[in-house]
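> Based on the sequences and whatever the hints tell you, model everything.
Protein chains in written order, with full-length UniProt numbering: chain A, 1 to 290; chain B, 1 to 349.
Please note that a few of the clues may not be correct.
[Claimed, not checked] Covered stretches of chain A (chain B as the covering partner; in silico rule of three or more C-beta atoms under 8 Å from a C-beta of chain B):
#1 197-203
#2 281-290
[As the list claims (entries may be wrong)] One-sided excerpt, in silico: chain A residues whose CB lies under 8 Å from chain B:
#3 K80
#4 L81
#5 S82
#6 F84
#7 D170
#8 G175
#9 D266
#10 K271
Worth flagging that the hints you see were computed from the coordinates, not collected in a lab.
The structure displayed is predicted, hence computed values, not measured ones.
Glycine residues also receive a C-beta, built at the ideal position from the N, C-alpha and C atoms.
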Amino acid sequence: MALRYLSSRMTLGSRILSYRSSLASLHSHATSFGFQQVREEEKSKLVGNVFTNVASSYDIMNDVMSAGLHRLWKERLVGKLSPFAGMKHLDVAGGTGDVAFRIFDAFNSVKRRALRKVDEASHEETQIYVCDINPNMLNVGKQRAAERGLSDNRSLVWVEGDAEALSFDDNSMDGYTIAFGIRNVTHIEKAIAEAYRVLKRGGRFLCLELSHVDIPVFKELYDLYSFQVIPNLGELIAGDRDSYQYLVESVRRFPPQERFAKMIGDAGFEKVEYENLVGGVVAIHSAIKL
Amino acid sequence: KRPIRFIQSASLTFATSGGSKEEALLLSAWQRSHPRVTKTQPLTPAMYRTAAKRLLGAGFTTSRLLRLPKPRPTTIIPFSYCTSSMNHTESPIGNQSVNPNQSDPTAAREEGHRRDESRKPRAEFEEEQARVLAASLRHVPRLGWTEEAMIAGSRDVGVSPSIVGSFSRKEAALVEYFMDECLQLLIDRVDSGLDLQNLIPSERVSKLVRIRLEMQIPYMSKWPQALSIQAHPVNVPTSFKQRAMLVDEIWHTVGDGASDLDWYVKRTVLGGVYSTTEIYMLTDDSPEYRDTWAFLDDRVKDAFDLKKSIQEAKYFAQDIGAGVGKSFQGLMNGVMQTMSTRGGRSSAF
Chain A
1 MALRYLSSRM TLGSRILSYR SSLASLHSHA TSFGFQQVRE EEKSKLVGNV
51 FTNVASSYDI MNDVMSAGLH RLWKERLVGK LSPFAGMKHL DVAGGTGDVA
101 FRIFDAFNSV KRRALRKVDE ASHEETQIYV CDINPNMLNV GKQRAAERGL
151 SDNRSLVWVE GDAEALSFDD NSMDGYTIAF GIRNVTHIEK AIAEAYRVLK
201 RGGRFLCLEL SHVDIPVFKE LYDLYSFQVI PNLGELIAGD RDSYQYLVES
251 VRRFPPQERF AKMIGDAGFE KVEYENLVGG VVAIHSAIKL
Chain B
1 KRPIRFIQSA SLTFATSGGS KEEALLLSAW QRSHPRVTKT QPLTPAMYRT
51 AAKRLLGAGF TTSRLLRLPK PRPTTIIPFS YCTSSMNHTE SPIGNQSVNP
101 NQSDPTAARE EGHRRDESRK PRAEFEEEQA RVLAASLRHV PRLGWTEEAM
151 IAGSRDVGVS PSIVGSFSRK EAALVEYFMD ECLQLLIDRV DSGLDLQNLI
201 PSERVSKLVR IRLEMQIPYM SKWPQALSIQ AHPVNVPTSF KQRAMLVDEI
251 WHTVGDGASD LDWYVKRTVL GGVYSTTEIY MLTDDSPEYR DTWAFLDDRV
301 KDAFDLKKSI QEAKYFAQDI GAGVGKSFQG LMNGVMQTMS TRGGRSSAF
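Here it is in structure tokens:
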């Protein structure tokens, strides 16, 4: 009965209004660079500059800003993904390789190696593609791979590419992750649509992103920390206040959890869910393509 | 106001005693729409059975789904056969209505969903998951109740094995799916004319438990793993619910006319019989599990004897209570009479 009531409320007029307002907010994401207004074409260049500047200190700053928690968040993301042998995985905006290394480790742990004998169908090799639009970030990632002794490993492939126009074939990936990257994309819905395109049937889309906090007191503390502490840390450690100002502003401009989930659903994904970590500071959205 | 408060209190006590809060609320909502029924009869466990069947039909545990509107307590229960169960003419009507809905585990949901198209996407991926689980069962004797079996199953269906990651409590999902399937098979066997007329109740129970346990024979080598998965604290609520439904179904088929305390006692006892037989079966290597069936018959016989002795004890207690009550009643009447004659018209009572 409650459902019938709702559907009668959604008249044509109000439906157009809500469509227009959602379009407007997407458009506003495409033209916002933090709290500034910029032209759409400029946004990706500006974001590119930000990441070129932060690339070398990206990992250290992550540790400092999140007090090391970002490692746990990424562990949780990979845990949710549940990698398996023979998987083809794409990690977008994964420049420095955090998520990719974790997935790689998940494959190569002793337990997995023992079980690999059992699963005869996995004659294909597992492949992890790391895609990033910024070559500086990719270089940092390749350096870290070399430090681990993985520079010649065939499983890890570093690709330069744009999340809105991936160079991979349709229905070719078992998994797609994007950690702390979709916020920086100019057109979010294009990135999601590309994710839908490259995933196989049954493939999973996982997105780890800084999101909105609703808990009353905690929200104020979080805002205080974001706007007072982080830009100063950026200046102190990375010597770049503006990039980190952009970072915290872009978090506020990103759609909240429910709306982002709706966007994922609109692209055609099924079973869209999200999990809030640390009260909403970070959210993991997951979905299946069917 | 008073009948509603009674219903709410009844449903609350009911909720604490074993049903979930959702079911209790659902039943109270149902009762509010049938005022005549509430005034004449209190909440009985027999109603719980059909109500539980509607709600817990598919047995899938679903995580928070954004495409799904609020939970749908009132849309699924068809009131017509709830009232029929009230009159205890359960067997023909109950079974007929159960059959078309439960022939497909997701049909119970889809029936309510045909009315609202926005729910179709949810049913679709659940169907896909069900297909993957069904295909995985073929690999279980070889690979066990594990992710590997589910990955192999998903490859059979032609879906990327990533979908396995989307099951909450992966191996448990497979085991729970199997339990639901077996229950469904049992119901189908019963509906398609199992001959129980010539058997006494204890033999009927024996036969039904035997049919159900025989479904596990192909997986017997890996069944201990399934039991341990079901015993994990995370999985206990669901496995308990499934076993309760199974036991409920068996008693219902046997032709149960129970009420009140007896209902709970019967389910608990049969639950015990079933579990012990199941565990005995794990280590039985006699040809065609003959020893297990002998064990089962003995346990069922014991249970029925126990039932008789419990019933006798109950009647005994009732008689004593009645006797004590009668004497107390007589005393109170005497007191009232003397007070009214002495106190006169101005008595407060």
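> Taking the least C-beta to C-beta distance, is D170 of chain A closer than 8 Å to chain B?
violated, 13 Å
> Can we keep the K80 of chain A interface hint, with Cβ of chain B closer than 8 Å?
Given a least distance of 7 Å, the restraint on K80 of chain A holds.
> Could you check if F84 of chain A really has its C-beta closer than 8 Å to a C-beta on chain B?
holds, 5 Å
> Tell me if the interface restraint on S82 of chain A is satisfied: Cβ within less than 8 Å of some Cβ in chain B.
Nearest chain B Cβ about 3 Å off; hint holds.
> Quick check on G175 of chain A please, does its C-beta sit within 8 Å of some C-beta on chain B?
Holds: closest Cβ of chain B sits about 5 Å from G175 of chain A, inside 8 Å.
> Given a cut of 8 Å on the nearest C-beta pair, is the interface hint for D266 of chain A held or broken against chain B?
Violated: closest Cβ of chain B sits about 11 Å from D266 of chain A, beyond 8 Å.
> How does the stretch 197-203 of chain A fare against chain B when you require at least three residues with a CB closer than 8 Å, holds or violated?
holds (count 5)
> The hint names L81 of chain A as touching chain B; please verify it with the least Cβ-Cβ distance against 8 Å.
holds, 6 Å
> For the stretch 281-290 of chain A, do three or more residues have a beta carbon lying closer than 8 Å to a beta carbon of chain B?
Since three or more residues must qualify, the claim that chain B covers the stretch 281-290 of chain A holds, with 3 doing so at under 8 Å.
> K271 of chain A was flagged as interface toward chain B. Is the shortest Cβ-Cβ separation under 8 Å?
holds, 5 Å
Hints 7 and 9 from the list above are not met by this structure, while the remaining hints are.
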